[in-house]
Amino acid sequence: MPAAAQPEAPTAVGGAVPDRGPWSQAARRFLRNRTAVAFLGLFVLIVLFVLAAPLWADNVAHTGPNETHTLEKLTIDGEKRDVVNPEGQPIGPVGFGAGGKFFLGADSRLGRDEMVRLMYGGRTSLLVGFGSALITVSLAIVLALLAGYYRGWVDTVIARTLDVLWSLPVLLIGLALGVVLAVGGLKIGPLELSGGSLWIPILIISFVTVPYVARPLRGEVLALSEKEFVEAAVAQGAGPLRLMFGEILPNLGSTIIVFFTLTIANNMLFEAGLSFLGAGVQPPNSSWGTMISIGEGLLTTQPLLAIIPGVMIMLTVLALNIVGDGLRDALDPRSKVRLEAHAGVVEPRGASV
Amino acid sequence: MGRFIARRLVGMLVVLFAVSVLVFLIFNVVPNSPPAQRLAGKNATPVLVKSIEEEWGFDDSLPQQYLSMMEKVFTGELTSYEPRIPVDETIVEGIPATLSLSIGAGVIWLFFGLLLGYVSAIRAGGWLDKLLTGVSIAGISIPVFLLAPVLIYFLTYKIELFPNGGYVPITEDPWGWFTHLILPWFTVAVLSIGFYSRVLRSNMLDAMNEDYVRTARAKGLSERKVMTRHVLRNSLIPIVTLFGLDFGATVAGTAIITEKLYSLQGVGLYAAEAAEKFELPPIMGVTLYGAFFVVFVNALVDIAYAYLDPRVRLGTSAQ
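Protein sequences appear in the order of chains A and B. Per numbering that gives the first Met the number 0, the very first residue in the first sequence carries number 0; after that it's consecutive. Per numbering that gives the first Met the number 0, the very first residue in the second sequence carries number 0; after that it's consecutive.
I should point out that these hints are in silico values taken from the structure, not numbers from a laboratory. The C-beta atom is built at its ideal place from N, Cα and C for all residues, glycine as well.
Pairwise CB distance ranges (calculated):
(1) A:Pro-189 to B:Leu-235: 51 to 57 Å
(2) B:Ile-181 to A:Gly-252: 46 to 52 Å
(3) A:Val-141 to B:Ser-50: 41 to 47 Å
(4) A:Glu-66 to B:Phe-57: 39 to 45 Å
(5) B:Asp-205 to A:Gly-91: 47 to 53 Å
(6) A:Gly-252 to B:Pro-168: 52 to 58 Å
(7) B:Met-0 to A:Gly-151: 27 to 33 Å
(8) A:Val-156 to B:Ala-5: 21 to 27 Å
(9) A:Trp-22 to B:Met-0: 46 to 52 Å
(10) A:Phe-228 to B:Gly-75: 56 to 62 Å
(11) B:Ala-303 to A:Glu-219: 28 to 34 Å
(12) B:Phe-153 to A:Phe-228: 54 to 60 Å
If you only want the chain A side, here are some residues facing chain B, beta carbon under 10 Å, derived:
(13) Ser-166
(14) Leu-171
(15) Lys-186
(16) Ala-305
(17) Met-313
(18) Asn-320
Kindly produce the complete structure, drawing on both the sequences and the hints.
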């Protein structure tokens, strides 16, 4: 009889110390971090803002992001005004003066609605950031697991290749790829992409940012594969796939979540930089980077055209970075020190290659 | 030390080869369209495309194509086609502006980054530290393509404090050179100032707990001497590596965006303008030279690092 009662003993003790798993403990720690929660709220607002793009476009602005209104006139307080004046200057922000049309004015001599473009452009920027981060992190996980688990020549090849890629000027490589693929399009096996496809910037950014995630992950896999639980699994006869994906991968969970958040932020900045240079998202599609590029030409007369998308990028990136740091503190409280590596996934870089 | 340098230089040559192959693949293999058409540009005549095809030998085997591309780039035969301008010459013309921008920005970010980091560390936990932490995080978070339009609009157009864009050679007008570069320098430097001050602060806080600092205090050194001679000195070693890598990355990265924002006629602006026109030969040249420059700087940094920290050249470093 006592033997049957024994297994229940731990739960009885658990009554005094609330029985919580590590994830719910982490969630509680995160919620206690007011700054991180506030910036998570800001990020949610930004996502809602860009998701509302079609609603605003159809019901308030009555135009699409790429529709031009060069020769049209607006009636504001009974006064008729050109969307684009004869000198080619677009109209500035009019608020609700024209019933919500051209809320932030027009974008250029093409007379497109800046507010609608800002919302759709945000969708593009977030989509590129999110999509490329997903690919970056997935590739990095596979490479890190292979290198850290098999070691030997597999590790040498992967680690050296990552070192070389990592030491190269990413923006320049991205620019070269962006221009070449925008001109030529891409064909990998059955997959064929035209030059204007959104997949091209997504794939380019995923490719060049892999080393930033794969290098630290590889280090962690190396450390984890020395642990007793891996040895125990080997003793049970586990094969390489089960060891890599069943034993080691789940223990990378918290690191991956943090890296994923920070990589979205980093990749969004990268997209903005590439698009600003004309090698990212291709016209007529808008992204916050292309909008800055267009607005920069009209800086003297309409400074907000360049500044507003820039502020949107900054807020989004800042929010993601702070949420990422908050997640790191919550998931691994011992890692307080690492808070210093704040600039995206820029980690202090040791001597390498 | 000699053996370390030799080993490092051999490593560098291998990386240079890998980089040149990567650039070759980017331009000649990855894209999905006739290569001569791509090089010629959007409005090229069939005659031009035909002549480019023969000039570059696009029917040859890939290794042969690789060799002829490298030959073109390194013998100065690479030209843009509309209009026909040698790529090498334009890059050389752009180097003074690009180096002025990068070196000046580097000096500024190192000076302010270390100053803020040092003050932050010796006042750790105090209000000054908190203020500087806030300033650093704000600096890290502002992207250059937001900072530059704001600075240009308010300081150049509104109050006309600084001249509007362009590069003035230092040999012609040193003062004009300086005033034209102040805003670009700070635009590039702000992010790194924030980042470096954070890194130095945390390095110094770590170093303060070391035994040699306690020893220095115990033998009666003044607090200032402990901080500068022992804590700061040891915290600067990792900054050397960081600075070398970031300097290379700036020349071939942030500088491109900044040169475009301020219309500085450097190598970066050349690449940016070529990108807008979808002109490939200039981008090919800039990418290859830029990547080579970065790899070269990285090798120098490693050698400097090994000189400063003997553990590295003896191969006993934790890294």
